[in-house]
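Starting from the given sequences, assemble the full structure and let the hints guide the process.
Number of protein chains: 2
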Amino acid sequence: MEISEHKHIISVLVTNKPGVLARVSGLFSRRGFNIESLAVGTTNDPAYSRISLVVHGDDRVIEQVTKQLNKLIDVIKVSDITHSETVLRELVLVKISAKPEQRTEILTVSNTFRGKVIDIGDSSMIVEITGHDEKIDAFIRLMKKYGIIEIVRTGKVVLVRGAATT
Amino acid sequence: MEISEHKHIISVLVTNKPGVLARVSGLFSRRGFNIESLAVGTTNDPAYSRISLVVHGDDRVIEQVTKQLNKLIDVIKVSDITHSETVLRELVLVKISAKPEQRTEILTVSNTFRGKVIDIGDSSMIVEITGHDEKIDAFIRLMKKYGIIEIVRTGKVVLVRGAATT
Numbered sequence: 023m024e025i026s027e028h029k030h031i032i033s034v035l036v037t038n039k040p041g042v043l044a045r046v047s048g049l050f051s052r053r054g055f056n057i058e059s060l061a062v063g064t065t066n067d068p069a070y071s072r073i074s075l076v077v078h079g080d081d082r083v084i085e086q087v088t089k090q091l092n093k094l095i096d097v098i099k100v101s102d103i104t105h106s107e108t109v110l111r112e113l114v115l116v117k118i119s120a121k122p123e124q125r126t127e128i129l130t131v132s133n134t135f136r137g138k139v140i141d142i143g144d145s146s147m148i149v150e151i152t153g154h155d156e157k158i159d160a161f162i163r164l165m166k167k168y169g170i171i172e173i174v175r176t177g178k179v180v181l182v183r184g185a186a187t188t
Numbered sequence: 023m024e025i026s027e028h029k030h031i032i033s034v035l036v037t038n039k040p041g042v043l044a045r046v047s048g049l050f051s052r053r054g055f056n057i058e059s060l061a062v063g064t065t066n067d068p069a070y071s072r073i074s075l076v077v078h079g080d081d082r083v084i085e086q087v088t089k090q091l092n093k094l095i096d097v098i099k100v101s102d103i104t105h106s107e108t109v110l111r112e113l114v115l116v117k118i119s120a121k122p123e124q125r126t127e128i129l130t131v132s133n134t135f136r137g138k139v140i141d142i143g144d145s146s147m148i149v150e151i152t153g154h155d156e157k158i159d160a161f162i163r164l165m166k167k168y169g170i171i172e173i174v175r176t177g178k179v180v181l182v183r184g185a186a187t188t
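Protein chains in written order, with this note's numbering: chain Z, 23 to 188; chain X, 23 to 188.
Since the hints were made in silico from the structure, they are not lab data. Be aware that a few hints might be false.
Since the list gives no way to pick out one identical chain from another, each pair is judged satisfied if it fits inside one copy or across any two copies.
Said to hold, decoys possible - Cut-off 30 angstroms, straight-line C-alpha distance, at most; resulting in silico cross-link-like pairs (DSSO-like, lysine-lysine):
| id | residue 1 | residue 2 |
| --- | --- | --- |
| 1 | Lys167 | Lys157 |
| 2 | Lys29 | Lys93 |
| 3 | Lys121 | Lys166 |
| 4 | Lys157 | Lys138 |
Right, dumping it as structure tokens:
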């Protein structure tokens, strides 16, 4: 049997209750899927949250998992938007080791990437940057020469282009 | 007994394995805590992920939960950084109903909030905006007059100011 593994982008609309997230992520982990990225946030209606997932795995198995997700109490809607035209974004905070004389250099690179410097310490800077993987990875690569102290990422969120809802 | 309920910001460093997220979020939900915000992303070392949590609850109970978190396999470090000097950011994508003649108006407001227009459709626009709750809420409030089609949020990520690590 041919196995066809791909990256899947799945958007799950759930009621905003304790335990829902653990049940949704548990469904993937019980089948040995490692979730590459997960983000949860409230929607325009505070009664609902949206979980955005990026999972790498066999197409047929992921189809089964999304069917099981649909059966969970508190899951309102599951959309596999892997093949839709989407915008996908992630927010990353990067804390960089920075001597005072390096600040201008780091600021210039950050501006080029449309990043924002949000903290300057005696020997460090924090830059906020958003985008897709390639852009963020390129920025982090450039910052390595100064020394990266810490990185924190939000996980990816995604919307379908145009007026349609997910 | 006096109950003292506050918002807590908790940062959990974990090994990047299936099931860890479900176990961490399950610990909170089993005690009836609703997680207000949760974000998971890889760190500079891809073997580890960081889970950033915002939870509202009784101080003593949250202290117990963080102690239990520390005992979980695959949890490397738990930091309650509620009282540290931090930068806290969230990324939000807002899809707005927009007629062509409204685009300039929406673009102007977005620029003021340092948002980025990342999609323009025949009757819609998507704006990417980052910041803390008050800024994001103010932007969403202003966009309501055009009609909000959809909102997706990453959950909040946080770093301690200065050179120290979390």
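Hints versus structure:
With identical chains, the CA atoms of Lys167 and Lys157 are at most 30 angstroms apart within one copy only, with a shortest distance of 17 angstroms there and 33 angstroms across copies. For the homomeric pair Lys29 and Lys93, the shortest alpha-carbon distance inside one copy (23 angstroms) is at most 30 angstroms, but the shortest distance between copies (33 angstroms) is not. With identical chains, the CA atoms of Lys121 and Lys166 are at most 30 angstroms apart within one copy only, with a shortest distance of 14 angstroms there and 44 angstroms across copies. Taking the closest pair of Cα atoms, Lys157 and Lys138 come within 30 angstroms of each other both inside a single copy (14 angstroms) and across two copies (16 angstroms).
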